[in-house]
Every structure is written in structure tokens, then in C-alpha cells.
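Asks: Here's the letter readout for the chains.
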Amino acid sequence: MSKLKNIRNFSIIAHIDHGKTTLSDRLLEITNAVTKRDMQEQLLDSMDLERERGITIKSHFVRLEYKDTRTNEDYILNLIDTPGHIDFTYEVSRSLAACEGALLVVDATQGVEAQTVANTYLAMENDLTLIPVMNKIDLASNELEKSLDQVETVIGIDREEAINVSAKTGLGIDELIPAIIDRIEPPKGDIDKPLKALIFDSWFDEYRGVIILVKIIDGKINKNDKIKFLSNNANYDVNELGVFKPAPLPLKSLSVGEVGYIIGSIKNVSEVKIGDTITHLKVNTVEPMPGFKEPQPMVFSGFYPGEGSSHEELRDSIEKLTLNDSSFKYEPETSPILGIGFRCGFLGLLHKEIIQERLEREYDLSIVTTAPSVKYRVTNKKGEVFEIESPAGLPEPQQLEMIEEPYIEAIIITPEEHLGNIIKLLQNRRGIHKKMDYISSERVHLTYDLPLAEVLYDFFNKLKSISRGYASFDYEFKEYVESPLIKLDILINGDPVDALALIVHREKAYNVGNLIASKMKAVIPKQLFEVIIQAAIHKKVIARTVVKAMRKNVLAKCYGGDISRKMKLLDKQKKGKKRMKRIGKVDIPQEAFLAALEID
Amino acid sequence: MKNSFGLYIHYPFCKRVCYYCHFTKQNFDKELSDKYIDFLLKELELKGDKNKIIDTVYFGGGSPGLIEKDNITEILKTISDYYTLSNNTEITIEINPEDADLDKLRFLNKIGFNRISIGTQSFNSDDLKYLKRSHSAGLSLSVINDVKTAGFTNINTDFIIGLPTQSKETLFHGFNTVKDLAIPHLSVYVLEGVKEENDNENKLDEYLYFQTDAILKNLGYFRYEVSNYSVSNYESIHNSKYWKNKEYIGVGLSASGYENGIDYKNTENLYEYFELIKEKKLPIKEKSQIIKMDRHIITGLRTSKGVKINHFKKHQETLKMLLKEQILIERNGYISIKNNKILLLNEILTYFR
Numbered sequence: 000m001s002k003l004k005n006i007r008n009f010s011i012i013a014h015i016d017h018g019k020t021t022l023s024d025r026l027l028e029i030t031n032a033v034t035k036r037d038m039q040e041q042l043l044d045s046m047d048l049e050r051e052r053g054i055t056i057k058s059h060f061v062r063l064e065y066k067d068t069r070t071n072e073d074y075i076l077n078l079i080d081t082p083g084h085i086d087f088t089y090e091v092s093r094s095l096a097a098c099e100g101a102l103l104v105v106d107a108t109q110g111v112e113a114q115t116v117a118n119t120y121l122a123m124e125n126d127l128t129l130i131p132v133m134n135k136i137d138l139a140s141n142e143l144e145k146s147l148d149q150v151e152t153v154i155g156i157d158r159e160e161a162i163n164v165s166a167k168t169g170l171g172i173d174e175l176i177p178a179i180i181d182r183i184e185p186p187k188g189d190i191d192k193p194l195k196a197l198i199f200d201s202w203f204d205e206y207r208g209v210i211i212l213v214k215i216i217d218g219k220i221n222k223n224d225k226i227k228f229l230s231n232n233a234n235y236d237v238n239e240l241g242v243f244k245p246a247p248l249p250l251k252s253l254s255v256g257e258v259g260y261i262i263g264s265i266k267n268v269s270e271v272k273i274g275d276t277i278t279h280l281k282v283n284t285v286e287p288m289p290g291f292k293e294p295q296p297m298v299f300s301g302f303y304p305g306e307g308s309s310h311e312e313l314r315d316s317i318e319k320l321t322l323n324d325s326s327f328k329y330e331p332e333t334s335p336i337l338g339i340g341f342r343c344g345f346l347g348l349l350h351k352e353i354i355q356e357r358l359e360r361e362y363d364l365s366i367v368t369t370a371p372s373v374k375y376r377v378t379n380k381k382g383e384v385f386e387i388e389s390p391a392g393l394p395e396p397q398q399l400e401m402i403e404e405p406y407i408e409a410i411i412i413t414p415e416e417h418l419g420n421i422i423k424l425l426q427n428r429r430g431i432h433k434k435m436d437y438i439s440s441e442r443v444h445l446t447y448d449l450p451l452a453e454v455l456y457d458f459f460n461k462l463k464s465i466s467r468g469y470a471s472f473d474y475e476f477k478e479y480v481e482s483p484l485i486k487l488d489i490l491i492n493g494d495p496v497d498a499l500a501l502i503v504h505r506e507k508a509y510n511v512g513n514l515i516a517s518k519m520k521a522v523i524p525k526q527l528f529e530v531i532i533q534a535a536i537h538k539k540v541i542a543r544t545v546v547k548a549m550r551k552n553v554l555a556k557c558y559g560g561d562i563s564r565k566m567k568l569l570d571k572q573k574k575g576k577k578r579m580k581r582i583g584k585v586d587i588p589q590e591a592f593l594a595a596l597e598i599d
Numbered sequence: 000m001k002n003s004f005g006l007y008i009h010y011p012f013c014k015r016v017c018y019y020c021h022f023t024k025q026n027f028d029k030e031l032s033d034k035y036i037d038f039l040l041k042e043l044e045l046k047g048d049k050n051k052i053i054d055t056v057y058f059g060g061g062s063p064g065l066i067e068k069d070n071i072t073e074i075l076k077t078i079s080d081y082y083t084l085s086n087n088t089e090i091t092i093e094i095n096p097e098d099a100d101l102d103k104l105r106f107l108n109k110i111g112f113n114r115i116s117i118g119t120q121s122f123n124s125d126d127l128k129y130l131k132r133s134h135s136a137g138l139s140l141s142v143i144n145d146v147k148t149a150g151f152t153n154i155n156t157d158f159i160i161g162l163p164t165q166s167k168e169t170l171f172h173g174f175n176t177v178k179d180l181a182i183p184h185l186s187v188y189v190l191e192g193v194k195e196e197n198d199n200e201n202k203l204d205e206y207l208y209f210q211t212d213a214i215l216k217n218l219g220y221f222r223y224e225v226s227n228y229s230v231s232n233y234e235s236i237h238n239s240k241y242w243k244n245k246e247y248i249g250v251g252l253s254a255s256g257y258e259n260g261i262d263y264k265n266t267e268n269l270y271e272y273f274e275l276i277k278e279k280k281l282p283i284k285e286k287s288q289i290i291k292m293d294r295h296i297i298t299g300l301r302t303s304k305g306v307k308i309n310h311f312k313k314h315q316e317t318l319k320m321l322l323k324e325q326i327l328i329e330r331n332g333y334i335s336i337k338n339n340k341i342l343l344l345n346e347i348l349t350y351f352r
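Line by line, the protein sequences give chains A and B. Residues in the first sequence are numbered from 0 upward in steps of one, following numbering that gives the first Met the number 0. Residues in the second sequence are numbered from 0 upward in steps of one, following numbering that gives the first Met the number 0.
These are calculated hints, taken from the structure and not from any lab test. Some hints here could point you the wrong way.
[To be verified] Rough simulated footprint, nothing fancy, chain A against chain B, three-plus residues with beta-carbon under 8 Å:
# : segment
1 : 66-79
2 : 200-212
3 : 235-249
Quick reminder that beta carbons are idealized off the backbone N, C-alpha and C, glycines included.
With the hints as constraints, model all of the structure from the sequences given.
Replies: The following block contains the structure:
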């Protein structure tokens, strides 16, 4: 058992690409957790996809051991990694709840960004001690003084407290650990109280089953203990527990203040809820940790097998994926047009993209997805209130009393020169201005309320392009608000396609209809049959485009009986149809289903 | 009863390489050509099987008209030594107008060739200039005359359409010439893969193709395959094997064959071809097995007669839809592509992959 005063639990929070992973690697290196040679670049990111996108999707932790040469005391430093994307706010907040402090990394060449701010808010809600770390000071382009100004304004921490480093070269890193030891409080808690542990992460390991990460708030947990989860009273045996250094090291017990992993008799990762509290089976006196929430999907999309993939393959792959991502929800959905598929719920747009990419890459599936939708709250004339996750579920206008849609509170930080364009974009997206602060002479911090639906439609790319990449964005769900929304139907060769329908703001409907019809014309390839695309409101057609039938696609020669050449050619053509869906007699490519996302 | 086979012999050399030709070929070189013939004979010996009855032989290329008399004699002799030639074997050779003379043609007729395919391409000098051909329309006419004098009646002339120099009138003039010369067979290919495939080009191709179809029909030729027309009983027996799922043996560089349900293709690399045969190995580079019913559909839809309806068992729904939409038609238990949709052949076939 380690003494509480020699434990530090901390996390690194940062805007994407500000160097969190490199800094983690550096800390592992100076505490000799790994040798430089063994270290793969960016050790904490394990999935290929994470490495490729440069983000951390699942959080992990590593226990570092450090002898403070000033006092000759041995310390245990638990570094808890947090997901790096805005879709995972809740998961980040639970990881932070396991910490007493955090390094707030700011890229000194960029300054404070929206995620820095959002994460700071989360850290403050959890009463964490923050240590500002100004990274990339080796780069000539750094604007250290300006960045420090912003830290003072936004975080309210004196610039003298910041530690200036280069995670890449190792410059300044030596100061970090002493600062962690001196400034971050040791965990509190009572070893004599009944077991109380916070679950802050879990995943499915192919070989070991469900692994959960916990912080022991009070008491002690031993191997072979019988435990229960407070949210659902489910009980399990502790088969193994231990810490990651970063290789797993099984231990006999974990005590108050410590962070570790537990492998129990847990079958499915969906039984484990992030933020839940664990205690011993027979204990009835422990209060659950505050802040626990069931993960709520915010963005919904239909997933259907594309050409060459079957419904069974899609179902099996989705089932396997949910084993290690419990925040992703799905249920069967049948579309009269697209056939049998799944309505999937995601934490956000990026989460959807990640899931889709994993299905395509890891399971080699061809998938057609429908335009993402938010969850609307609908009241009908009878006064019944229900939620719909797809436009197809919207009642006929004569039975409709009111539609409410989710609003988010958005944080945007931008250089002042792009302010005008960004405000125009936000207004265009039905944003409501809440607050505007200058965090330094040329950086502005905007707070807006925005309909979440408007963020789904190419908002990130637009924001990026009008600010030449300099504006950053973060958000949190706020509330449901009544809006004048209507259903926009899209018809292919005269038949409405449920999977293409959209819910749009009344004033935007005509414009959106026209843009979608022309966008779809541009992405639907010529084929055997003419494709007529129409947009309609309440059965009234408001826009129409036509993809004319193909004229010619033939190999005039048989090439000396070379049938395999012909086959290859056909297969190549067929492959081009992979992410297409046949609707009636015509093939509609994935891009057409997402046409609504790329218009403005 | 033993199966009978077609035999394709590839000769990959040309005096002048045409930019629009997609076959494996290279500039003629006497030494290399002699070496090639040596290896071709060796391949025949390696591959030959006296149990196999050959009822068609086709010399294609390249320009097989360039093969010297002795060598041709040698090849034919080797074929009959190592295979069993049937009594009425159709033996075809492709010949370019510039490679033919009466003496050679008489020789070919004497040693057993009974069908000639002439690389006319067009009787219009603007077309020939566009195709960068070295022969003139006049030369074609005189060679056709020589071919007949030499004793051939089963004659094909090749045409290329889809050229910006062509119109309904020039096409009529060319095809009418063929009719006047009493030539029983034409292959009419749409120029492909060299032009930019845009809407206007496709419109031109489409227009010229259907004009060709109408003109030739009026002149008494019927289309029995996408690009092949003949008067009755003059269809190419050899080429028809490709479309009727019949077996054929491929010999020579890049030659394709279909035996025992396996499609195979020889290497396209001349030196690899030499090396493999030197090691007494068949120069086969690729093999594939295509599901028989699918192969029937893919090859058979090229023909006017079409494909037996029972080959569509796996594709009932698609078939129903394409019949309803009048892309395909059914006649006497056969499914074929409706005349005006024939240029969409590949697109239609993707519905059956």
C-alpha cells in the first residue's frame, strides 16, 4: 500500500495537436517507464485509427514511479489520459474526476483554443489544480508572451506559474514532475471506510474481456473480492486487478487514492457505465459519486449494407464494435427503400465517422449511411410528446403541434480578423449570440447557442475554411427549444426516399431543397436509366434536377477471347459501385445520401 | 464424343504499330520474329494433345500476314502433328493490305487457309489518315481483288467507326463498296480508349453505330454480335466460340484460352515467354475460373441470339426488371439486349456481377 501523500493523480488536457501525446511520452521516458528505444512514437494511442487521426479515442492510464531527488521520497504518479475530441465531453469529465490536478497544455505557437477553454471549465468543475504548460517553445514561430496573456485571461492563472517546455526536444521537462509533486494535492480519502471506487474508463480486450479503470476513493479492493455497481446493482467477482506501467502489472490490492484496472466476471462492456461507483457486494452505505450520467447519443444516422455487403455481416460487425464502445448505440431499422439496416446513435459527428471508418476498415464492409440527424422532441395534436431520431418518424403536418430541437452552447476562439465571417456563419446557422470576450488584444472568445442540427451540416469545415484553420470550436448540450421545422422530402424517379428526407428550418427549406437537388445531380453517375431528383415540401415539388441516362459503355472487341480481361473490367466497374445503394432501378452513391451535409 | 476446340495463334509483330490497337504487339524485327516462331512451335509441342480435335484455327496479331511462307507451313504442320484437325476446319488469317501480295495469298490458299480477315479499316482516305494507316483505299480494293483471285470466298473486312471524319454518307459509301465486292462478313469496331470519353464523343459513336447497323441491314448483312455482321452462313465459327462458351486453345504471346472451365492467359512479356518455354513450362500467366452461368451471360449477351433464359437463375429479379424496362428482350427462350441498348452492354453486365 502506498501512502496517500506520495500519490499524485493527474491528467494532461489540451487542444487537439497541442502535443499532449508527445508530452506523455516524455514523462514515461524520464520516469523510465519505457526506454527510448522501446518507445513507439505516441505510446498511449493504441489503435491505428487514433494514430492516423492524431487523436486519442479511448482513455488509458499509466503509473509512473519517481524518486524525488530533493527529498529522496518515492512517488507514484498516475497519468490519466483523456479522449481528445469534443464529442467525448462526458468521458473527459469522468477521467478528470479521478484526478486532483491537470497539466493544461497550450501550444505556444497557437495560443489558447476552444478545447483548452472547454477542458479548463471541466477541470474547474472537478476542483482540479491546473498547471499551465506552454509547449513547442523550441519553434521559432512561438508566441509565448501572447499565449501567456491568454492563459492569464482565460484560466486566471498567473503567468509565473506556467512551465515552458518543448515536449519534442525535452526542453524544460525536468521542471514538470517537481511541479506536479509540489502543486497538485495528494488524493484524499479514508482507508478505513467501505470501498468506494469511481469507474472512469472501460473497454473490451480481445483476450482478457472487459477491463475497467477505477480510482479508489475510499477503502481498499482485493483480488477475488465480490463487488457491485451502484447504478444497476450488478455484481461481479474481481478476477484480477493491477496497474499499467505501461505493461499490465497484476497486484493483490488497490487502496485509497490509487488508480488501477480491474478484470472481473463482466461479459459485456455495455454493463459498465463510465462514472459509476463500485463498492463491495455487502456494503449498503456508500453514496454514488456525483456527476454520473448515462451516455446520451446526440447524433443519429441510418447504417445500411452497401453493394456487396449483407445485413448479417453489418449486424455482426456492429455487435463486435459495441463490445469496446458502449457509447455507440444501435437498433434495427427498416427502410422501405434501403432495406434492413440499423439506426445508430453517436456522441457526435466525429464519433460517427470513427465508427463508420472502423466498420469499413476493420470489417471490410461496404456501408451506406444516411445524413445524420439529431433527436427531435415532437408534440402531436393530442398532446402526446415523443422523440424521433430520423425525419421519417415525423407525423403528418396536420397532426403536428410542435417540434423542439436540441441546442448546444458553443465556444469559439478565433483571431479577431475572422470575427466578421464567423459571426455571419453563426447567424446563418441560426446561432444566438451570448457572449464575446477579448482574451488578448487580437483573440476573441465567442459563446453562442446553436441548434445542434446546424452543426451537423458541414459546420466544422466551413469554420475552418473561413478562418483559414485558426478558429477552434467546442460545445456542450444545453437544452431543447421549439423551432419552426418542416420535413423536406427527396424523391428519386417520383418516389420519396425516406432515407434522404430531412428536417429543416421553414425559412431555409426552399434554398436547401434546390441545393440538394443540384448537389445530388452532380454526384449521381450516369447509368442505364434516367434519374430524376426532386425536393418536395408537403408533396409540393420545389426543386427538380435530372441525371440523363448513359449513352455508351461497351467494349466493341472481344480481344481474342480474353474473357478474364473483360471480367476484370466489369469487376472494376462493379467496385466503383461499392458504396452505392440501388433504389428501384437506379444506383445512388453514398455521396448523394450525404448531399445535405455539403451545402450552405 | 470428343469436344472440338478452336485454336488461336498470336503473332505479335507489325511493320507499323497502330496507336488505337490494344493487342500485344511490337515493331517487326526479323531476328526476333524468327526466334518467336521457334518458341511458338515449341509451345505447340509442349501443349499439343492428339486427343483434342481442332475445328477452327485463327492466326491473329499483330500482323500474322508478315509470317514467312516456310514458317507458316511449319506452324500448320506442327498443329496437325500435335492436334487432330477435323475435316472442315475453318482456318483464318488476319492480313493487312500492305502485307499482302497475290503470290502469298495463293500460297495461303493452297496450304489450307480458307478464310481471310483484311485490315481495311475504311475506304475513305480522311479516315485512314486519321487512323495514321499507311495503306490507301485503292490498295485495299486491289488486295480484295487478289484475295478473290487467290481463291478465297470467306472474307472479312475490318472497319473502324467513331471517327470525326465520318458521316452517314461516308459510311454508306464504304459499306456499299463491301456489298458490291460481295464480301460476306464485316467486323465494325467503335474506336475506343484513345478519345476523351465525353458526351459529344459518345453521341457521335452512338450515331455512327446505329447508322452502321441500319445501312448494313439494308445491304443484307445481319449483326450476330456487337461488332460483327455477315450474310447468312458466313459467321466466323472461330470467333463465335468466344461468345458461345465453347472451348478454345490459346498459343503465343498474350493468347487467351478456355479449357475445362478455366480461362487462362499467356504472358504478355516476350522475354518471359521465351524463358518459360525454355524451361519447358507453359507460358501461362493467369488462370481464373468464372462461374459457368455468369460466363454464359457475360459472353452471350454480346450476341444477337442471346443467352438461354435458364442461365439467369441467380438473377431472376434483375432479369425481370431489365425486361420490364425494355433493356433486355426475350425471344424463344433466349434473352438478348434490345437493339437500341446494345451500346450499354457493359453497364448492363454489371447488373449481373
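Asks: Next, verify each hint and record whether it holds.
Replies: Quick rundown of the hints versus the structure:
1. Here the segment 66-79 of chain B counts 0 residues with a CB under 8 Å from a CB of chain A, which misses the bar of 3, and the coverage is violated.
2. Residue count for the segment 200-212 of chain B with a Cβ under 8 Å from a Cβ of chain A: 4. That meets the three needed, and the coverage hint holds.
3. Only residues whose beta carbon comes within less than 8 Å of a beta carbon in chain A count, and the segment 235-249 of chain B has 6; three or more means the coverage holds.
Of the numbered hints given earlier, the model fails hint 1 alone.
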